[in-house]
Every structure is written in structure tokens, then in C-alpha cells.
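Line by line, the protein sequences give chains A and B. The numbering used here applies: residue 856 is where the first sequence begins, and numbers increase by one. The numbering used here applies: residue 4 is where the second sequence begins, and numbers increase by one.
Don't take every hint at face value.
Simulated crosslink set (EDC-like; lysine to aspartate or glutamate; CA at most 20 Å straight-line) [as the list claims (entries may be wrong)]: (1) B:Lys42 with A:Glu1047; (2) A:Lys1169 with A:Glu1062; (3) B:Lys50 with A:Glu1062; (4) A:Lys1167 with A:Glu1062; (5) A:Lys1160 with A:Glu1047; (6) B:Lys49 with A:Glu1046; (7) A:Lys1063 with B:Glu98; (8) A:Lys1063 with A:Asp1101; (9) B:Lys42 with A:Glu1057; (10) B:Lys42 with A:Asp1054.
Please keep in mind that the hints were generated in silico from the structure rather than gathered at the bench.
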Amino acid sequence: MDLFLSFLYNTGYLLADYRQIIMILVGCIFVYLGVAKKYEPFLLVPIGFGILVGNVPFFKGFGIGIYEDNSVLHYLYFGVTTGLYPSIVFLGLGAMTDFSSLLARPILMMLGAAAQMGIFFTMLSALALGFLPTEAASIGIIGGADGPTSIFLTAKLAPHLIGPIAIAAYSYMALIPVIQPPIMRLLTSREERLIRMPDMREVSKREKLIFPVVGLLLCCFLAPSALPLLGTFFFGNFLKECGVTDRLAQTARTAIIDTSTIFLGLTVGASTQGDVFLTTKSLGIFVLGSVAFSIATASGIIFAKIMNLFLKVKINPLLGAAGVSAVPGSAREVQLMGQHEDPTNYLLMDAMACNCSGVIGSAICAGVLWSFLIV
Amino acid sequence: MFGLKAISAHNGWAMAVVGAAIVFSGLAVLAFVISQIHKLLGFWDKKNRYFDNASKKKNPLPEITAKKPAPEPALCPSNLPALAILYRPLVESLETPFQLTDLYVLAQDRDFPHPHLTLSCFRQANFLIPQGDGYFTWNQPQENQ
């Protein structure tokens, strides 16, 4: 009987507290959104299931939980806390990305820069709300709309906030179809949304080959701290473009990125243990995250409108919304909004150019903030 | 500490301004450089062509009299109208307009010789009239000629 009772006291049914139940519900919602609504399923399903894994109640001290030394989950979490998984994800992203549209219209890169203003605005807001500078920078990077970059910077500056920041970043990325369209409509007139982008010039193979080398050198000489992200990103792209390493590029954009996404999602989800995650700080992070995302979208659009004051050939200001680096979600929203006004208007390629520059921009931001705050 | 005081105390304004300036300038420089790549490549090609031409003028290569290319064999079968009679029942079994792939599959199922080439010749000889979006109709009068 004693054996049975001691077993019973160690089961999750008796160890559970209300915070774990809340988190399990959150995990179920993530899984539901990913599976049934198909909102970013590659992210929400691993994270959602990870939340379930991380919130199963257990007897602490047995090396089971993600925050306990020598547990399996702890070893897997190592890839998050060291910034290893984000770096590998960037390798795959580079091997997937086609920079043709950006090379054909480099001016759109400025929209990628403008959309990063959300990061700095949110960082200031977080400082004003009493967060430490390292925490404020980690919260601000949510405005880059780039999950791996957010995790990378947070792992370096405020590792105790990885869970809430990663969840906020990925949640808002999944909610792009909800967050961005109202801001896009609010800040643009119908005439502006109808602007057509001129045809792009043909980009040669040699240009595409030179770009990752030039991009790596220019960006990483400027912000060497961005090297773990941009180094792998441009390397992945070079594998894709050089034409002699197709097999490596293929592996990078399939098996490697998929593997790291699985472990990244699962462990980030599992790091949201109710007792660690459900705090007022997390709530603040979620609120500031949504501010970051909205400001990033708005600043891209407003900057596009400012550029139009000086440009002979006007650009569609909707493209500014794609300056956040949520690839390809925000580009898709721009395309949908443009086609809603004029079904024959195709903005996708231009929006992808902004998206690509957003990825580079947010990685530079992460590098810059890390170098500012590194102790 | 909260509010503007906290921002100032943690050097927030400077971080934001300098950070934004670095990102803008970095991407602006990158944009400028990549906008010049194709021009530089064009210049490089032009320079190479110039030097090639100059060296050719200095040391003209012996003239090579190129042989006339052999005339291309007539690929289409000569008995195209007869083949058209063969294909007509297949066309009739399809909806109008039909897709070439459907006709191709039927011809292949019946072991007609060289269905791909035959369909291509039908198109050239106006037996198959394109209706747009990859759909075709059969040109009956052409068959009767």
C-alpha cells in the first residue's frame, strides 16, 4: 500500500498545479491553430507539443525537466541556450532564399532597414517599463519578426526570458494575417495600394554568386556579432548559388533546417514550464511584442511613403510591411492586399526582396544590440 | 526606475539612435554595392571583349571556312492526313476543347508510334488549333484536305 501511495504522490495528477494546466491549454491551442487552422504549422506544432511536454508535472530532482542538469531535454535545450539552433536554421534559410528580386531592385533594401525601427522603439518602451537593458533589447528584437534571431539574442543577453520571448515572437509571426492587414489599410490610401511595380530586370548567375560574399563581408565587418547568424545565412546561400554543391544546399534546406526546427520548437515549447513562464514579466513581453510587431510594420510603410516623395518611379507603400523578416508570411500578406485592390497587381517578388533585406536587417540589429550590451 | 528616466539612465536613447543608424547605413551601403555589381560585371565583360578583339587584330587567326550545316531532316511523317484519321476517334472520345496531354496519353495507350512527334506535327500543320490556356480543338477541314 505504501508503495502504491508513494507512486501515486509522484504522478502528474497529484503534482499538477493550476499554472501547468493553463500552459497545457495554451499548448493545445497552439497545436490546434497549427493543425486545424494551418497557421505556421511547422512552428506552432513543435512549440505547442513542446509546451505539453514541458508542463507535464514531475517530481523535481530526478533529472527530468528541461531546467534540470543531465536531463535529455536539458541537453536538447543546449542548442537554444548557446544559439546553435538559430544559427543552423539560418544556414537552411540561406540555402532556400533567392535574392534575385533584391538584386534586381536594391532600393527595396531600405524598407527592410526601416522596418527594424520597431526593435529600437520597443527596446525604449521596455526600458521605460522597468526592464533591464539586456531584457529590453531581447524584447525589442521581437519587432524583427524573426524567431531564430529573437532566440539567438535572448540566449546571449537574457537567457531566463527565452521561453516567453520565443513564444511571443513565433505567436506574432503566426498572427501576421491578423496583425498586419489593418495597419496596412490604415496607413495607405487606395491609390497607393494600386501602385504597380515596374518589371524587374534579369539577374545574372554571377551576380547571385557574388552577393553572398559581398553581403557577408559588408554586414559582418560592420556588425561582427551578427556573424553566427549572417555567416551561416550567406554560406547557405552561396552553397545554393555556386552550382557545384547542390547536394549540400539541398541537405541544408531540407534535412538540416527541419531537424533544427523540430528541436528548436520542441525545446522552446518545453521551456515554458508554468511556474517559470506565467509571470507578470511574460505578460509585459507579450504586450510589448505586439507593439514591436505593429511599429515595425508601420515604420516600413511610412518609410516607403517618405521614399515616394523623392522617387520618380513610385513604390507601392504596402511593400514596407514586408520589411519585417517574417518570411514569407508578410510578403504573402502584401501580395494578398495588393491583389484585393487590383487582382492583376503582382507585388510578391518585390515583397520578397523586402523580406530578405528584413532578415539581414534584423540579424544586424541583433549583432549591434549584443555588442552594445555584452559585458 | 521607470519612464524616461530609466531610458536615460540605461543609455537607451544613444543605443536606439546609434543602432538604427548602423542598420540603416549598413543596408544602404549593401544596397549601393549590389546595385553596382551588374555594372561592374558589364564593364568587366566589355573590357575582356576589347582585349580579345585587340589581340585578334594583332594576330589574326587563319580563316576557317565553315562547312554548310547539313539540312535538317524532315521530321514530320509524310502521311500526316492518314495519321489524322487514326487520331480522330481519340479526339472524339475527349471533351472539346481538350488538353494535349490527354490526347497524348490515349495515343500512348494505343501504342501509336511517336505520339509526341505526331502531335507536334499536327500543331504545325494546323490540325490542332490552340484555344488558350493549354486547350486545343481538332481542325476537321484540315483533315479532309
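- Task: Of all the hints given earlier, name the ones this structure violates by number, lowest first.
- Result: 1, 2, 4, 6 and 7
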